[in-house]
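Line by line, the protein sequences give chains A and B. Each residue of the first sequence is one higher than the one before, counting from 1 in our numbering. Each residue of the second sequence is one higher than the one before, counting from 294 in our numbering.
These are calculated hints, taken from the structure and not from any lab test.
Computed cross-link-like contacts, SDA-like style, restricted to lysine to any residue with a CA-CA straight-line distance of at most 25 angstroms:
#1 B:Lys-740 to A:Arg-47
#2 B:Lys-740 to A:Leu-121
#3 B:Lys-717 to B:Met-460
#4 A:Lys-147 to B:Ala-589
#5 B:Lys-661 to A:Arg-47
#6 B:Lys-615 to A:Phe-125
#7 B:Lys-740 to A:Asp-60
#8 A:Lys-147 to B:Val-754
#9 B:Lys-704 to B:Arg-609
#10 B:Lys-704 to B:Gln-405
#11 B:Lys-740 to A:Gly-231
#12 B:Lys-789 to A:Trp-48
#13 B:Lys-740 to B:Pro-357
#14 A:Lys-147 to B:Val-474
#15 B:Lys-740 to A:Ile-120
#16 B:Lys-789 to B:Glu-736
#17 B:Lys-740 to A:Tyr-253
#18 B:Lys-740 to A:Asp-153
#19 B:Lys-717 to B:Arg-328
#20 A:Lys-199 to A:Ile-184
#21 B:Lys-451 to B:Val-474
#22 B:Lys-740 to A:Leu-51
#23 B:Lys-661 to B:Leu-355
#24 B:Lys-615 to A:Val-131
#25 B:Lys-740 to A:Thr-59
#26 B:Lys-740 to A:Val-270
#27 B:Lys-789 to B:Leu-404
#28 B:Lys-704 to B:Val-693
#29 A:Lys-147 to B:Asn-593
#30 A:Lys-147 to B:Gln-588
#31 A:Lys-147 to B:Gly-479
#32 B:Lys-740 to A:Pro-154
#33 A:Lys-147 to B:Arg-599
#34 A:Lys-147 to B:His-578
#35 A:Lys-288 to A:Val-275
#36 B:Lys-740 to A:Leu-158
#37 B:Lys-740 to A:Thr-38
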Amino acid sequence: MNSLLRHRVSYLLLLPTFTLVILFFYYPALSGIFHAFTTWQAVGDSRWVGLDNFIFMATDPFIRHSLYNQLLLTLADMVKALVPPFIVAEMIYSLRSERERYWLRTLCVIPMVAPGMVIILMWYFIYDPNVGLLNQALVGMGLEDLKRAWLGDPNFALGAIVGIGFPWIGALAFLILYAGLNNIPGDIVDAARIDGASKFARILQIDLPMLVPQIRLVVLLTLIASIQDFGRVLVMTGGGPGYATYVPALWMYEQTFLMSHFGYASAIGVTLFLVILTSSLIVLRVMKGDVED
Amino acid sequence: MTPHLLVSACLVVCAALLPGAEAWAKERVLISTVRGFYNTAMDEIAAQYMELHPEVEIEINLQPDNFTITRYYTANMAADRATAPDIVHGNLLGIDENYHAGRFLAVNDYLQRPNPYADNVVWMDLFDDDLIRSMAVDGIHYCVIPLDFCDAAVYYNKDIFDRHGLMPPSTWDEWIALSTVLEEHGILPIAVSGSTQTDFTGWIDLMFEDACMRPFMPMIIAQPGDWNYVEANDRYVHDLSDKDSDRYTTINPERLISAFLDGTISYQMPHFVDAYARFQTLTPHFAFGFLGTDQAGAYNLFLTSRAAMWQTGSWRVGSLMKDLRELPEEMRFDWAVFPFPDLRDGHEDIAPLRGVGGVGHQFCVVNKNDQAQHDRVIDFMMYLYSPEQTAYLIRRTLEVGEFIQGMPMVKGAEKELPDDILAKLKGFGGRGYTNPGLFLNDEEHDKRIRPWYQLYALGRVDVEEFLAEKQALAIELMHRVIARRGFDLDPTTEDKPL
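Just chain A, same shape as in the assembly (with noise of 0.2 angstroms):
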């Protein structure tokens, strides 16, 4: 008590914050949870339903065909999130020169200030079907039977997402993987110099189980940043065709905004929080070992 007085300043200061944060992130999200179990349609009151809304997902088909869809979107993205960003790390961190592994580096973080919009903006006009340059190039390379409806064909639409933002140097995994690779004790690498180890078993024995730690940061936050978005489906496909891309939180963001059923949209909600929650759990017990271990 006598600590609360006399950084009491320091509390008040820190009230404002708080109070904003239980507000605007703790309070919707209580809420919600709350909703999830109720029939709410924006105005007027909300009634308890129990399990209903959950009962209702499981027969739900847009539910059934985003699951599915989902999980291929976030293997996508993992692999998306590792594997471009760790060779070109490897290949900076690889470089003797630390003049042209600063300007490399920087080049590859650059693309991080182009908003994400405008780059999901600028696939949907490669993808157009009649004058995007991806079929445009086809057809200039002979190609033509390989022009595609992307965005128009069930069979593409996906893979068509799945492919926005090629060659996928991801900005922040990068910086994420490369700082890892710096933090690699140098006498280690040269052990493995002396011993003979070729670039390759380096990688294999060194390099990938000492990144554990940052690999497991950016399979985290790739996780949960694809599951929770939409934006870039809701833009380019907005779900079709048919059911072909369709993932839940669009179906839940639709559910919210154009039916005003805000409790089904919840229930959808919490669903997603558990499905990240216990994704991350898992990933954190499987991906448990790190450099002590």
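Assemble chain B onto chain A, guided by the hints.
Then chain B, alone, in the frame of chain A:
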């Protein structure tokens, strides 16, 4: 900094953020509408109104598109009805659902009052009868007051048609045949936006459903004693070939639902199968990748003469004329529109396709449960919809290069349109429009059926599978409507939502 000082600083900041005394004194009317149509003229009319009524502040909130308005309106209504918009552009909002949920106001009483800004003429008498009646919820509740009425049709490039000796088709088969000819000459026949956000196949479905549902009209029209019976129903003559035969009539939704639930009407009946099978003969002639093509993409195909036809609505007339004027001379072309061709092919159970008429720029009054606010809002709307202001609205809108969406709703306002625009708008097929009473809908149904339209349009499911799904979703919809509106399926009693 001491706590006292901090609290004082907070109070000063709060005081600075509060609106001035003048703003508190004014009564505010908030209008949420879509950008690009009528905006400049609306602003000016609002300013003129505020000069007449200094105690009222008209605030126009512009949103980029119909989807954003939907989100804005929904979020505001969820937060606090009192601060939500008073007037909202209702295009995607689900007028029926909002009315029956008590969120929109039926303005029937107000429509019978004299309009002080139009020589005290009864307000209803200022509007085009056909059109305003066709938009009433259940045929009797006037929740939508549109500025104009848009219609769908097929735009075509007359130069391309002339070059290949083609005429606008009058039958479905002629349409397919001329599309084939165009393809043989390396021209994309029909540009259409089929992306999920702007899926035009839904519009076509409405026309097909209208054509196939009209045979059931005698069964579902409101009868004497029904809660939404109107005298015009007595004058109904069942003639499928007459596109206007059901004008002014009302359909009883409980009769419609009962007929679906007892199997008297089913989308799996042979005439539905025959009609919808014809839709699948057209989709192969849509431009490549139409399901991944948005409105701008489809428009560009037509504007650049890569596609000879373009399926869309009257709201694009103004922009097409403007863009064509700005094209280099050698790229310009002459164009016109034709209504959707006849589907029947001798089938007696199918009516001719009618235009998908819809409200264009449309205003709905949000029910604030506040009579004084409603009066205030309606007073502004009476001003806006007076002949003088409507004429100004159209004239000024065209003058500043903005667009109208279709034929004006206020009588006599047509004469404000330049001859060239009027001529183009008249090509959309007259007054024979789909009857919205023939099909129930809600946002959820719209969302759930859309993937099936798309798969059907692509030929991924056959007509039987598509119609079976359509039927199943329709039955789900019927049960939702029964629950939402508290229907007891007795057409003589008007039920209240639960």
